[in-house]
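Asks: Generate the whole structure from the sequences, applying the supplied hints.
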Amino acid sequence: MLMSILLQAAAAGAGVGLTKLAAGLGAGLAAMAAGLGIGKIGASAMEGIARQPEAGGDIRMAMIIAAALVDAVCLFTIVVCGFIL
Amino acid sequence: MKHLHKILFFVLLTVFIPVVNVYANQPEQKKEGPKEKKLDIRAFILEHISDSYVWHFTKVGEHEISIPLPVILYSKSSGWHVFISSVFHKSPTYEGFTIAEEGKYKGKIVEKDASGKEVRPFDISITKNVLSLLFSSTLLIIIIMGVARSYKKDPLQSKTGFVGFMELFIMNINDDVIKPCVGKEYKKYAPYLLTLFFFVFINNILGLIPIFPGGANLTGNIAITFVLALITFLIVNIGGSKEYWKDILWPDVPIWLKIPPILPVIEFVGIFTKPFALMIRLFANILAGHSIVLGLTCVIFLTVSMGTAMNASMTVVSIFFTVFIQFVELLVAYIQAYIFVMLSAAFIGLARVEPHYTNKEVKI
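Protein chains in written order, with this note's numbering: chain A, 87 to 171; chain B, 172 to 535.
In short, the hints are calculated from the structure, not lab data.
Remember, it's a predicted structure, so these values are computed and weren't measured experimentally.
All residues carry an ideal CB built from backbone N, CA and C; glycine is no exception.
Some hints could be false.
Only pairs whose alpha carbons sit at most 25 Å apart, straight line, appear in this in silico DSS-like list of lysine-lysine [stated by the list, open to error]:
1. B/173 / A/126
2. B/247 / B/283
3. B/275 / A/106
Computed beta-carbon distance windows for the label pairs [to be verified]:
4. B/273 / A/114: 23 to 33 Å
5. B/412 / A/91: 54 to 64 Å
6. A/155 / B/247: 41 to 51 Å
7. B/273 / A/91: 29 to 39 Å
8. B/312 / A/91: 57 to 67 Å
9. A/138 / B/438: 30 to 40 Å
10. B/227 / A/108: 25 to 35 Å
11. B/336 / A/143: 14 to 24 Å
12. B/416 / A/104: 41 to 51 Å
13. B/412 / A/88: 47 to 57 Å
Replies: Spelled out as structure tokens, the structure:
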């Protein structure tokens, strides 16, 4: 059903519409990916701190660095979607 | 998941089996109200985050409050021109130059060359970003040199107050980021890396302050982050030791990875992608932050047409969200500066690698 809607929209010549759909979809997927990635990092950081509270400072710093690196990849996608829009 | 294949089957059914027909609407014509123009959010946000020849503060009634900035141009046909950008208020063209309304050079000064094509002259005007850059650099020099002078006057006394805070800050970056990431030769690269950190941090913070002289989107401008990443790129590759280049072009791996050059090509491309990622990371983070804040502020104006109650509640919601996002942006300002410096330090440390001994070379 989704496929037929997409094909009919494309056939109706809504070239601009499909572009905007793609940009929106891309941005949404990027947000989802960022959430999943940083969620996993946060989860393992929590476990690590729970196991060894003295290492809390080191783990926190490492978590923030890893989160920023994952965030960067998702922001590449957002920038590209902004260009398409 | 036990039943994953069944779930996937049903999902694919919904995608591929046609059940309904759809009819596309005609693309909407641009509707303009009889008296007021519809708020164009994209243009509003783009106008605030891009560079301009005027530092615009606000608009009181019909009167704009802004600082017009000097324009310095060198045109191939007519030589140097220096004037102030408020001339463009009186007439759209001045001495053959005009600000392009649309096209590739939208918002920038162009002139028509002999064949009638729009071309950019050599433009070194003091635009909003340039003025902000000059201001933040001056501020940074005053702060850091002030702190340094306090140490020169009395090096042995423990510092308190602002100087003590700066000592804490600088030594934190030096000891926890630069020393471990660069390795043995950290003292040679520490001046550049510390300057980089404080430059990025102060410009990020200034970009968040809405009042003059803050509020210019400097680190969210890809030209600025490009230059910072370029300098890191040059330092890494020009200062790279012979072992670094050997590891890229002829690494110590099995021969079948080297002769059809798989690994050397990957490593060579990596030389460019790492600073590129540095550039895009900082640019996108800061740009996204500013865009979010601007968009949330627009919500107030968007809901004006929906009645007073809706507007009032959305105003309250918008203000709360904006304040929250500004706090997040403060954190992002620090984290992005930290990450930029940490990665630059790591690249420099990796480039200054010593030759290591393999099993073959150890002779008993």
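Asks: Between residue 275 of chain B and residue 106 of chain A, is the straight-line Cα distance small enough, at 25 Å or below?
Replies: With Cα atoms ~21 Å apart, residue 275 of chain B and residue 106 of chain A stay inside 25 Å; holds.
Asks: Are the Cα positions of residue 247 of chain B and residue 283 of chain B separated by 25 Å at most?
Replies: 11 Å, holds
Asks: Starting from the hint 41 to 51 Å, judge whether the C-beta atoms of residue 155 of chain A and residue 247 of chain B obey it.
Replies: For residue 247 of chain B against residue 155 of chain A, whose Cβ atoms are near 45 Å apart, the range 41 to 51 Å holds.
Asks: If I claimed the Cβ atoms of residue 312 of chain B and residue 91 of chain A lie 57 to 67 Å apart, would that claim hold in this structure?
Replies: Given about 60 Å between the Cβ atoms, the range holds.
Asks: Given a hinted range of 25 to 35 Å, is it respected by the beta-carbon distance of residue 227 of chain B and residue 108 of chain A?
Replies: 34 Å, holds
Asks: 30 to 40 Å was suggested as the range; check whether the CB atoms of residue 138 of chain A and residue 438 of chain B agree with it.
Replies: 36 Å Cβ-Cβ, so the 30 to 40 Å window holds.
Asks: Using the C-beta atoms of residue 273 of chain B and residue 114 of chain A, is the stated range 23 to 33 Å upheld?
Replies: 30 Å, holds
Asks: Do the beta carbons of residue 336 of chain B and residue 143 of chain A sit within 14 to 24 Å of each other?
Replies: 20 Å, holds
Asks: Measuring from beta carbon to beta carbon, are residue 273 of chain B and residue 91 of chain A in 29 to 39 Å?
Replies: 34 Å, holds
Asks: Between the alpha carbons of residue 173 of chain B and residue 126 of chain A, is the straight-line distance 25 Å or under?
Replies: 23 Å, holds
Asks: How does the Cβ-Cβ distance of residue 412 of chain B and residue 91 of chain A compare with 54 to 64 Å: does it lie in that range?
Replies: With Cβ atoms ~58 Å apart, the hint holds.
Asks: For the range 47 to 57 Å, tell me whether the beta carbons of residue 412 of chain B and residue 88 of chain A fit it or not.
Replies: 55 Å, holds
Comparing the model with each earlier hint shows no violations; every hint is respected.
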